[in-house]
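Undergrad: Line by line, the protein sequences are chains A and B. Taking our numbering, the leading residue of the first sequence gets 1, the next gets one more, and so forth. Taking our numbering, the leading residue of the second sequence gets 1001, the next gets one more, and so forth.
Note that these hints are calculated values from the structure, not bench results. Hints should not be assumed to be uniformly reliable.
[What the hints assert, rightly or not] Listed next, the in silico EDC-like pairs over lysine to aspartate or glutamate satisfying Cα-Cα at most 16 Å (straight line):
| hint | chain 1 | residue 1 | chain 2 | residue 2 |
| --- | --- | --- | --- | --- |
| 1 | A | K161 | B | D1417 |
| 2 | A | K64 | B | D1166 |
| 3 | B | K1451 | A | E147 |
| 4 | B | K1483 | B | D1417 |
| 5 | A | K101 | B | D1166 |
| 6 | A | K161 | B | D1166 |
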Amino acid sequence: MNISRREMLKLMAASGAALAMPPWARPALAEPRVLAFKGNAAACVRKLIESFGGMKRFVSRHDKVVIKPNLGFAVPPERASNTNPVIIHTLAQMALEAGAKNVQVLDNPAHPPLMCGLRNGIKDALKDLDDVHVELLRDEEYFAEVEIPNGKKMKTAKVMKAILECDALFNAPIAKSHGGAMVTFGLKNWMGAVQDRGAWHRTYGLHQAIADFATYIKPKLTILDATRILTTNGPGGPGEIKVLDTVIGGFDMVAVDSWAVTLSTWDGKTLTAQDVPHIRRAAQMGVGSMDLADLVIPAV
Amino acid sequence: MKPRRVIQLSFLLLFALLIALTTFPLTLPLPVDLFLRMDPLLILGASLAARTVVQGFVVAIVVLVATALLGRFFCGWVCPLGTTIELADDALYRRRKRRWPNHQRVARGLKFVNLTIILVAAAFGYGLAFLLDPIALFTRTATYLLHPSAVFALNSGLDAARPLADQIGWLGLYYARLNQPLFSAGSLIAAAIFVTIIMLNRLQRRFWCRSLCPLGGLFGLLARLSPAQRRVGAACDHDGKCRRVCETGAIDEADLEYDPAECIMCWRCVDQCHLCVNTFDWQSPRPRVARPVDVGRRRFLIGLGGGAFGALLFNGSPARFVRPDLLLRPPGARPEDEFRKRCIRCGQCVKACPTNTLQPDWFEAGLEGLWAPVHHMRLAACDQGCNVCGQVCPTGAIRALPLIEKRYAKIGTAVIDTSRCLVYAEDKSCLVCDEACPYNAIYFVQVPNAKNRRPMVDCTRCNGCGMCDSVCPVEGRGAIPIKPDEQIRLAEGSYFFEATRRGFRFEQGGAVNQPNGAEPAASGEEQ
């Protein structure tokens, strides 16, 4: 069974009474909006997916699965500029276990794709899995133009064909500070799904572009890597790295991002979701809710 | 197939293999510049021009000595260009009527004139060998014409197969794509020269080798010293067969005399002789070559004059006044003057460069700088984990440096063009230069009346790698070009010490968006 964010919000509205209750009294029917698990990264991902209903809920047999991590930089994993390979590995493995036909791990990186491939170590980390393809794409033929009907500034974008055609899309960003977007979590991660990254800065304005694209893209789930986070000098680093051993997940990118803002200071500043224009605008545009009141965040 | 053809093809294959392996990372411990190193005209020419001794010159000396003993064996058995000319000739011109009969000596002296020009120019301190040396020329052709064409053809095939691969869900094929190398128009000249050399076969077989190749000229002079010479027995019936099959038309009209300076030791005369009177013997004492060298006093003087004129032309090039050292040369390139004298324009560095940032220069540095490598940072940056250009340079024009030294071989400095930068000119939020910079050389400053923080360059942390310029989202010309300011070019010694002495520091750890001169903070997470 597939439940989109919208459907889930309806479900939650329907159980409004339940939501009004304190967390411990909530009936099981209310879905958690954001979950966080602490500990071994692979175990965290498994627990997270199980808590959201198991991989079978998102992936059926013979499905084409795309994972969109942040692989933006030609640096090794320990620099915390790219999503933890263990998280990608676990997700891919679970998708295959659920019967996926193949799993594509895709990004259009900030650094030159060729050098990213040589340095980011992700291919090595995934080479034990069959039917998993890691590709760093920038060439025209892998993108197709789509309309963004709800975008304010961005009306069209060239998006990876594989993302358009897949059956299940997972958003697997890493939590980093960001010199332009202040922070980069789930919403900002989608810059790597389009061909012309520069246009987000050049033409639309970064924060608005992020919010606009978020109205279009519909991942099944966002799994945010906070095993270690880059708290200063992001997104490229090198900067200060905090080890949190945490993996955060949710259907609602805005909720995930809003909560992730509270993980740390970012470039020395204490922020709330309100302070980050792209999160605020995404919430205003109906992508999700910034309300942190009823999040379920078990610390395991 | 004749044994000679087998050996020729083997060398051609080895040449192609070494070109293919001239790439990042260098995977096998092979001397990928082997053929260039074997070429005495290139190695000794660069040594003479730069008044130095190019490392590894011994290989070239060995070839020289071997030629004095065995004649122009290199041309007939080893030279990849010679083999290619023969193959092209077999395919395209074998059945065509030639302009002149095989034995006719047409402009044979030109190759000696070319040789003289090159040597005289080298004596004046100018490296000209690159223009016509066959190995440099062919390596260049492979880099700028053959390799990109092959990639283009393969990619076209893959493009055609892609919809099908998509249909049947074969992702490996769907995503199969080679990196297409891109080169500026200067490479077209290299291609045109190659095509011309092939078309010269219309005149006579291997016309290039007979009349134009300066390396052939050098070998020809030495071949006159060789004790291994052709002899024709008394029973010769003068049927003209040997004369007609000779690869280079070295045999005269009577089938008896031959010119060792022309003979490339192909031994087709021996194979074809139905009377078996054609032989090559090790003759002792060495017979005196009766025929004078095919360059009279007049031609020799032309060569001398040409060399001097070439040197003058270079020296007087107006580019000298616009400072050709203002170009962005690869990191580790020696001081500009010595760099140009050593550089043989083979294109090995360009071929090996993984990001495609290295490009053959056109005439920006004048005639003298033709095809020498320059950075095109807007196209791609110099990768900070790669030092391959220096590793593959056969003449040390770019020094082979360890990674850390290469990092401190400062290429130039990034300069923000405030009239184009999105933040300065339009007050938009942008940080792309900063996120790409490997050394935190970009920091931001909040100025009054501006919405967005403005990027600035900390010159002490910028080594000119060009990451910022390559990713700048401004369309067309970027807003943060690299200028050659403060570039560090050393003939010897450590770049690290020199750069540190000048106050530069290119480290990945530590300081976060510090203003000028601030000490980078220590960082424990550095790789």
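Undergrad: Out of the numbered hints, which ones does the structure contradict?
TA: 1 and 3
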